[in-house]
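As you go down the protein sequences, you meet chains A and B in turn. Heads up: take any position in the first sequence, counting from 1, add 3, and you land on our numbering. Heads up: take any position in the second sequence, counting from 1, add 30, and you land on our numbering.
One should not assume that every hint holds.
Stated by the list, open to error - In silico lysine to aspartate or glutamate, EDC-like type, Cα no more than 16 Å apart, as pairs:
no. : chain 1 : residue 1 : chain 2 : residue 2
1   : B       : K183      : A       : E40
2   : A       : K161      : A       : E141
3   : A       : K78       : A       : E141
4   : B       : K240      : A       : E40
5   : B       : K361      : B       : D390
6   : B       : K525      : B       : E499
Source of the hints: derived by calculation from the structure; they are not laboratory data.
Chain by chain, the residues run as shown.
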Amino acid sequence: MRTLVLGLGNILLRDEGVGVRVVEALVERYVLPTEVEVVDGGTAGMDLLNTLADCDHLLICDAVRISERPGSVVKLADAQVPALFQTRCSPHQLGLSDLLAVLTLTGEAPATLTLIGIVPADLGLGLELSPEVAAAVEPAVEHLVAELRGFGYSLRPKHSRPSESCARTVWGSTSLP
Amino acid sequence: MTRISIDPITRIEGHLRIDCEVENGKVSRAWSSGQMWRGIEIILQGRDPRDAWVFAQRICGVCTTVHAIVSVRAVENALDLEVPLNAQYIRNLIITAHGIHDHIVHFYQLAALDWVDIVSALSADPAAAAKLGASLSDYRRNGVQEIRQIQDKLKAFVGTGQLGVFASGYWGHPAMKLPPEVNLLAATHYFHALEYQRIANRIVAILGGKTPHIQNLAVGGVANPINPDSQSTLTLERLFAIKAEIDKLGEFVNQAMIPDVAAVGALYADWTQYGAGVTDYLSVPDLPLDTKGTRFELPGGYIAKGDLATFKPITSYQDGYFRDGVKESVKHAWYQYKSGDQARHPYEGQTHPQPTDFHDNGKYSWIKAPGFHGQRAQVGPLANVLAMVAAGHEPTQRHLNRVLTMASSVAGSKIPVEALHSTIGRIAARAVRCAVLLEALQNQWQLLINNIAKGDFDTFNRPVFPKGEVRGFGYHEAPRGVLSHWTVIEDGKIKNYQAVVPSTWNAGPRDDADAPGPYEAALLDNPVANPEQPLEVLRTIHSFDPCIACAVHLMDTERQTSVRVQAI
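All chains should be built: construct the whole structure from the sequences, respecting the hints.
This is how it looks when you write it as structure tokens:
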């Protein structure tokens, strides 16, 4: 059984990148079984076809524009997900619904599809999440963990306390403010 | 007079709006407008130049790799830093495989649906399609069984009522002219293309560590340690795995894609009369063969007024003709230059937004308007193919001749090189370039193997940043054309950073002299049979392979949820 956890969004546009930040936090905080693959998909389209093909469970994390309070975390499943991306409630142009349609064509679509969505507050230029959305990272990670455990995986926390610097770990190097 | 507004143009990355005035069934005036604002330049100011590529590859979801490569080239240029041969070859393999992936996706998944009627393919006779396929090439997957299977799949998919990827096509439009068996053959290869573009992408992933965001770059080289004996490094085993993937790609590009493009082009030969637009062409040389970037596998340069005899090559990473030739105008773009509105060189470039309403004769786009020595220039595979032909590049001449000969034979009359200055010519040139890239990929692979065999394992030279100010530019002949990044570095920190991207060259608005950009010029005199279904406009725009997520940037979050075509 292969499960893909896919973080989506543009990290240059503050809360737009929250999906990527959440999956980074997941990897930082938990030891994951080898059958669980975590991918920072950015805003890629066709490039993701190889990654998405033939997974049993697809778990997506992304910013979603719905009429809830910024920082709210929502869960959508299966048929609701492509519909959401089709109407572009997701603020970027991933074309994920197109990718899923292609996988249906090629017979490689995931058996289950779950979206953990976070309602953004600020899509302006910048690398930092807004305070309300930054506060939603932890609950979103826990949603992902609950989903993965629901599939029967066992996950072990890496640290007793999560580090606060999820935005810093990606680049590893020098110059984030 | 009818005015058409298409917003956003679909099957592209990013937000592009096209406005046309149509008189007597033809486009008489056109406007290309980027509907998002770009701000990467602002994010990079004050940062460590060694990190710039990591941010730059987030500009666009489609072109992550190309921005990463050009960013490190720009910083290396500022430092006059040489790049070890192995690193050049590994980078060359990555960008070449990426280019092939991109060209395949463009033709089959994006542009073809403007010319190939998927619904018509459902009623075609698989035997007729197989016979047609056999007359075009020896491609082993043109058998009647294979074609019938794919037609059945397609029928089942369309039968569900969810057209998905095919939902935005103008099926049954009077401008769709291919016989059903051609539509079916192309639809079959649409499916195959989905497999082969993934092969190209796997090569990028093996060398780059990950896709969509490669991780192996560094200012000064690459982070792939080479050790033929160690499991954790770039081993011979992995290199030979790449070679096997390259061979599979070759079969598809040469035996399916090239014949498809030639046949579709020949059957739409009337489209060689439309869409020329700006025939000043700019491309840059690529795939450096030495550590300094003075010799390249693929040539590039400037061609004036469509005349190959005027070709002036760009010859190195220090080339002054290129460096001094680029300026960007904001007279018709939603920006303001602090010292008046004259076009500025990217080193002096500014990014101060100044939004207004859409003014036909004033500002109407978030894309700046670049020029080369004062002229608008078209960039992209057509510009590059013409330059390579003018430079006498043998593989390009050979593949171009193949396409023209095949197309002439299908059309029953000779199609000359001049036919390339057109909408269909841009699509044909992209296929030619794809075949050229494939040979280059094989060659670069061999060069890397030979160099490692000599015992050279170097992949990285450490960058050293001086006190004071240095400037550098980097360029790359990306799938959509010339991409350049320009940076001013002061005391080891980025002081200014500007990206002049391919779609800025092509999709830019009018310039300081009110000269239209390539999209705008190419649309003039395009036929439009039905303003409510402006398929012909889409054909010309899609032939450029628009991808404007990096030309502009997301700003307006309250976009409409579906495509709006307005005929006023």
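Here is how each hint holds up against the structure:
1. B/K183 - A/E40: violated, 30 Å
2. A/K161 - A/E141: holds, 15 Å
3. A/K78 - A/E141: holds, 15 Å
4. B/K240 - A/E40: Distance ~12 Å between B/K240 and A/E40 Cα, so the pair holds.
5. B/K361 - B/D390: holds, 12 Å
6. B/K525 - B/E499: holds, 9 Å
The structure is inconsistent with hint 1 alone, although it conforms to all the rest.
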